[in-house]
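**Q** Here is how the chains run, residue by residue.
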Amino acid sequence: MRNIYLLTTLLLCFLTGSVSYAENPRVEPLELNKEYQVKAAMLYKISWFVRWETGDFVDKKSPINLCLLEPEPFGAFLDQIVEGRFFGKNKRPISITRIDQIEDQNSFNACHVLFIPKASNVSVPSLPGLLVVTEDRPVTTSQAHINFVTNNKHVTFEVNMNNLNKNNIRISSKFLKLAHVVRN
Amino acid sequence: MSCWGNNKYKKLIASLYLSISTCSVLATPSDLADLSMQDLMRLNINDKPLSYDGFRERWSVEYSYRQLRLDGYQMDDNSVGLMDILFTPGEVRTDRNFPVVPNKSTQEVHSFDLGYRVNDKLKLSLVVPFVRQDTDHISSVMGFYDFNVASSGIGDISVLSTWYTPINDHSAWQITGGISFPTGSIDEKGDTPRNGAGTLEQLPFTKQLGTGTWDIPLSFSYLRHYGSWDFGTQLTARIHLGKNDRDYHLGNRYGINIWAQYFTSSYFHPGVRLAWQHIDPIDGTDVDLLMTGQFPFSNAISNPAFFGGDNMNLSLLLKVCNAETNCKKYADLEFTKPVYRNMTGVQPKEDYQFSISFGLKF
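Going down the list, the protein sequences come from chains A and B.
Per our numbering, numbering through the first sequence is continuous, rising by one, with the last residue being 184.
Per our numbering, numbering through the second sequence is continuous, rising by one, with the last residue being 546.
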């Protein structure tokens, strides 16, 4: 009998404990879902495939400027990706600029890469030397150079060669081999 | 900053991460930045860690079959021949030789497991085992030179509660605790030489179907998903509370194991587990197993002091399931061989363990 009392007490403690545990608030999920983790890494990687000219930068040490139109979906994740990383033999840092207000096309003057999220209704600018990356906006019907395409499982991208040529942007053939290349 | 500061390791890890499989799970921003564009395009953005998939569906059912085979004997950490421990008339009787020697034994357990996920962190399970034991003996008792004893029936039913706490997207703690009820019989009898032919006598401790005690099974696990790999380490214990109606309790068990499983893009996912376990001796004794005279035990497995010790097992694992459907239907196979055993006194030697499970989550 002594065992049954002991067990009943343990069982009650056990169940009480489990119930109170279950009522604890949820652990916050990761800030960024996997689709945007991959897109953030791709956005960072894309810059590696662009053949930047010396004239694209103020000086040898000035950064590659990655501009994100708000509401941008990456948050701190993209900042953590580029933190402490440098490009090329000049070891250029990467800076991230978030753009809230667009006065005119001069707003993008300092940008090397511009990401336009699908939540933004801004029309795609067409400026020499400015690489424009979009998501879920077919490049056949926009001025963008690269567009992220998400299917059920993977993130891929399409590239519009006409738009690249129009803005004098040169991209490595290695990158083009991975992309779905269109010409309109 | 990634935890792998060294470039060599980064490349190695990134290669692992590469995921030939479709079941990759993402790691830190730094890990992702180390992948090539091609590798990023291969990553499955819908994937979740497979180790924790018991926490995705509300219900789960599983049937498992486990077989444990004992063959031969060992004394402490040395193998001994059957003739060394079989007492024959004319020899000197000691506490290490016996007139009856169970030489080959097979234990089979059919388990039915019903699981219910209460919420994202808590899962309850009911496990109902059906146990069958079959043992061949040799003896020096006239009329019982070789004989077989078997027992079968419901074992100890247990209720388990599993708490799952994610640390981040690719690692988690898991704590399992519960109660095992003394539903398995400890009064199994067989025709043994103890009182001659045609009479049924109480069978030794390990030939019973249950422990006879209320038990607390516990485990504390750390789970880690990395690329196509699942890793884990687990502390386990089984505590017997009080003594049973026959005035003994089996030795408590304490263990630790580590395992790794590789999730391929196909249906077959191999793995390996290394497990160490310590088992205490039996506390108390069953007086119905005793004989009169200087040597009260007719066989080694009736001696409560000859129970437990330390052992280490190596298991090969194979999970068969479709990772694309989150392994909602699966089969698990496991084959285990002892790699080290230092058991207390004279004990049957474990040859192998084998198990196969079929499960469904919905």
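By construction, these hints were calculated from the structure, which means they are not laboratory data.
Among the hints, a few may not be true.
What the hints assert, rightly or not - Here are the simulated lysine-lysine pairs, DSSO-like style, with alpha carbons at most 30 Å apart: (1) B:K521 with A:K153; (2) A:K153 with A:K60; (3) B:K533 with A:K34; (4) B:K521 with B:K533; (5) A:K153 with B:K545; (6) B:K513 with A:K153; (7) A:K34 with B:K288; (8) A:K91 with A:K61; (9) A:K34 with A:K174.
What the hints assert, rightly or not - Covered stretches of chain A, going by a simulated chain B footprint (3 or more residues, C-beta under 8 Å): (10) 73-81; (11) 121-127; (12) 154-166.
The structure presented is a predicted model; accordingly, all values stated were derived computationally and were not measured.
Here a beta-carbon is modelled for each residue, glycine too, at the ideal position from N, C-alpha and C.
**Q** Mind listing which of the numbered hints don't hold for this structure, in increasing order?
**A** Per hint list: 1, 2, 3, 7, 11 violated.
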